[in-house]
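Enquirer: Spelled out from the first residue to the last, the chains are:
Number of protein chains: 2
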Amino acid sequence: MTFPSRLEQTAKRNKSNIILALDFPFEKVEQRQKLLFTAQKVLDAAHPFLCAVKINHHLTLPLGLFDGVQGLVQKAHDLGLLAVMDCKVNDIGATNQVIAEYYYSAGFDALIANPFIGWEEGLKPIFDVADKTQRGVILLVYMSHKGALDGYGQTVVDAETGEKTSQYIIFAKKALQYKADGAIVGATYPEKIREIRQILEEKVPIISPGIGAQGGEVEAAVKAGAKYLIVGRAVAQATNPATAAKEFRDRADQAL
Amino acid sequence: MTFPSRLEQTAKRNKSNIILALDFPFEKVEQRQKLLFTAQKVLDAAHPFLCAVKINHHLTLPLGLFDGVQGLVQKAHDLGLLAVMDCKVNDIGATNQVIAEYYYSAGFDALIANPFIGWEEGLKPIFDVADKTQRGVILLVYMSHKGALDGYGQTVVDAETGEKTSQYIIFAKKALQYKADGAIVGATYPEKIREIRQILEEKVPIISPGIGAQGGEVEAAVKAGAKYLIVGRAVAQATNPATAAKEFRDRADQAL
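If you read the protein sequences in the order shown, they are chains A and B.
Take 1 as the starting number for the first sequence in my numbering and just add one per residue.
Take 1001 as the starting number for the second sequence in my numbering and just add one per residue.
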């Protein structure tokens, strides 16, 4: 079964389209056991209101992929959730292949990659490893931060048509062409979600980060066409992660 | 002292402008102790012919940043080399800040970032952490693989002048504007090195990966304006890493 099918099935079963980003502030390495406990505690509390967790270098760097993080991925699976590695891969092919093999072998169901690296000796080796191991590749199409305008928002001369086009439109078309398993579009830019959704239709699900701390709104993102919503600090660093996750889940549920 | 000054001083003292990329193939996690030994052995053998080592996820993922890799960084320092983390950071600001703090706290003298993320809530937090900790930020300007053409080589409408410009020219100008501590330009594209060098002059040193396995030539890269050369597999995976490193060092020495 493909990653999008598995994610959809999990979302239906768990009655949630919320992906929790387990993002925590920098901690001294001496504190990493505490950090791991915190991550486990948040996951335990919030899991009934999630379909997946997303892990970033906030955890892989202090804990180690095969030391702390692999256990968290296993825990997510045990709790009936999928696990996405937000590594935003953007290296040369030989390195991307090794990166994909490590993350998938640690159990991740999908990883996030940056289409800016191009196809040949860039994205292709990632998709090859994903095909071989039956995992997913999610492509960045428009990120959630202010500076996204400089890159994702820039105007580009389309290499095929010669026409001026927005970078994110080109990325959206590539997501379709490469049969990506998801497209990241910041919830902070609902108008971009709408435009990208017109290209992707039902073929590539839009996954929107930036809900909560970054100012993205569940309702606006969903209305514009986002299928899954990524919430990070607003749940992971909440006083009561379960309550916070439930609230986002309910709002998404109502909006979808 | 700034990173470029320290790198220049180290290169003079060690009589080498070669940076060794400690890149190894994917290994099962059970083999990671062997992988660490191999990395240590290669570093021990090749260090007299180097000014720095570059570490990528080939090692951080299996070994862990604070388990195996921090020790390798320490070893590089003990051997009189600098250590660069090739993480190609390209996330949102809050995450980039955490990533930079972890890598610098593990001892890295500089890290590599992707200017595609833009400045605000993108590169700025990385430069802020680098300033605070007196470390370096090296920006990608043109990568060494084939697919680099799709992104780094695309034609962009310059947001300031409205003119059609190559993406890498915009990145080179940003490297200058942001006072980057180095610019990555693939040795596989000497004509790009030449063009970028005209923009950067002596202000931002060009560091060229892709020498050896990827087909880049020391002489062509140096003649075009590269100051430092990154060699990976051709040394790290050579039967005799010392001989291989010495050969690249001698060729660079002659060309510089």
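Bear in mind the hints are in silico, worked out from the structure with no lab data behind them.
In this text, a Cβ means the ideal position worked out from N, Cα and C, and glycines have one as well.
Among these hints, one or two may not hold up.
Stated by the list, open to error - Coverage of chain A stretches by chain B, computed from C-beta distances (three or more under 8 angstroms per stretch; other residues unrestricted): (1) 19-27; (2) 30-37; (3) 49-55; (4) 92-99; (5) 196-207; (6) 220-229; (7) 237-251.
Stated by the list, open to error - From the derived model, a few chain A residues whose C-beta atoms are all more than 12 angstroms from chain B: (8) Met1; (9) Gly80; (10) Asp86; (11) Ser105; (12) Leu140; (13) Asp150; (14) Gln154; (15) Lys179; (16) Leu256.
Enquirer: Give a verdict on every hint.
Expert: Cross-check of the supplied hints:
no.	hint	in the structure
1	19-27	holds (count 3)
2	30-37	violated (count 1)
3	49-55	violated (count 0)
4	92-99	holds (count 7)
5	196-207	violated (count 0)
6	220-229	violated (count 0)
7	237-251	violated (count 0)
8	Met1	holds (25 angstroms)
9	Gly80	holds (25 angstroms)
10	Asp86	violated (8 angstroms)
11	Ser105	violated (7 angstroms)
12	Leu140	violated (8 angstroms)
13	Asp150	violated (3 angstroms)
14	Gln154	violated (6 angstroms)
15	Lys179	holds (17 angstroms)
16	Leu256	holds (25 angstroms)
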